[in-house]
Amino acid sequence: MDKTYGSPQEAVADIGDGASLAVGGFGLCGNPMQLISALHDKGVSGLSVVSNNCGVDDWGLGILLADKRIAKMTSSYVGENKEFARQFLTGELEVELTPQGTLAEKLRAGGCGIAAFYTLAGVGTQVAEGGLPQKYNADGSVAKASEAKETREINGTTYVLEDSITTDFGLVHALKGDTHGNLVFDRSARNFNPLAAMAGRVTIAQVEELVQPGELDPDSIHLPGVYVQRVVAVGKDIEKRIEKLTVQKPSPTPPPQSQKEA
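Okay, so the sequence shown: first residue is 1 according to full-length UniProt numbering, each after it adds one.
Incorrect hints may appear among the rest.
Once the Cα atoms are required to be at most 30 angstroms apart in a straight line, the calculated DSS-like pairs of lysine-lysine come out as [stated by the list, open to error]:
(1) K249 / K236
(2) K3 / K176
(3) K72 / K135
(4) K72 / K42
(5) K176 / K135
Distance ranges between label pairs, derived from CB positions [stated by the list, open to error]:
(6) C112 / P252: 56 to 64 angstroms
(7) W59 / Q126: 24 to 32 angstroms
(8) E80 / D41: 20 to 28 angstroms
(9) D237 / D67: 22 to 30 angstroms
(10) E80 / I238: 18 to 26 angstroms
(11) D2 / T151: 24 to 32 angstroms
Derived by calculation from the structure, the hints in this document are not laboratory data.
C-beta: ideal position from N, C-alpha, C; glycine also.
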């Protein structure tokens, strides 16, 4: 039952070229940066990545993207990553843009063994009707567009059928975890990390604090260890781009008592 690995490098050692990944994180929050860096150092390429966004130019998944390691992104938005936008518009990167709630449910459903589901999101748009550019040619023309999806009327309302997502690996970041893979996430880092963990056939969790089984309050566990195959401790001193030090200005010094009386 002990799922711990000695280092991020050891934990990602069997991820090869062309693998599909579900990666946690929401903007600059909750990124499994140590696992991403280890994967970058390993030199793999041709990756198909599912994540809410692609980090920024020099952080998160952005470091893989900058070195042309990612062939396809399935995301909710481009965000602040200029290289993401550049590669997409010049035909170097395939991108499947998906409504954020739909993407979350695709990952969750995949982890629960649900093949597909009906949703209102995207009905009446290119999300359902097809024609949404996924890959461009170098001259700006569309090389690949999305296909039309099945729709169905249920109780007088039209829904679109969305396929669920499963990937070869899941990479996630958690605040705490035990050696059995039970995880606790911190605030907004809980948005996509549990879902990415569920979708991965082999999920690797980097945790800031590693504890023994029984040390986590069962009612406080956000994701059970059944979804996690590998755990690696990275410590609490890792860089977190989302966190910024703010210092309160000191209050003005009150005048001496004698001046008040005067």
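Check your understanding: Which of the numbered hints are not met once you compare them with the structure shown?
Key -> Going through the list in order, the structure violates hints 5 and 11 and respects the others.
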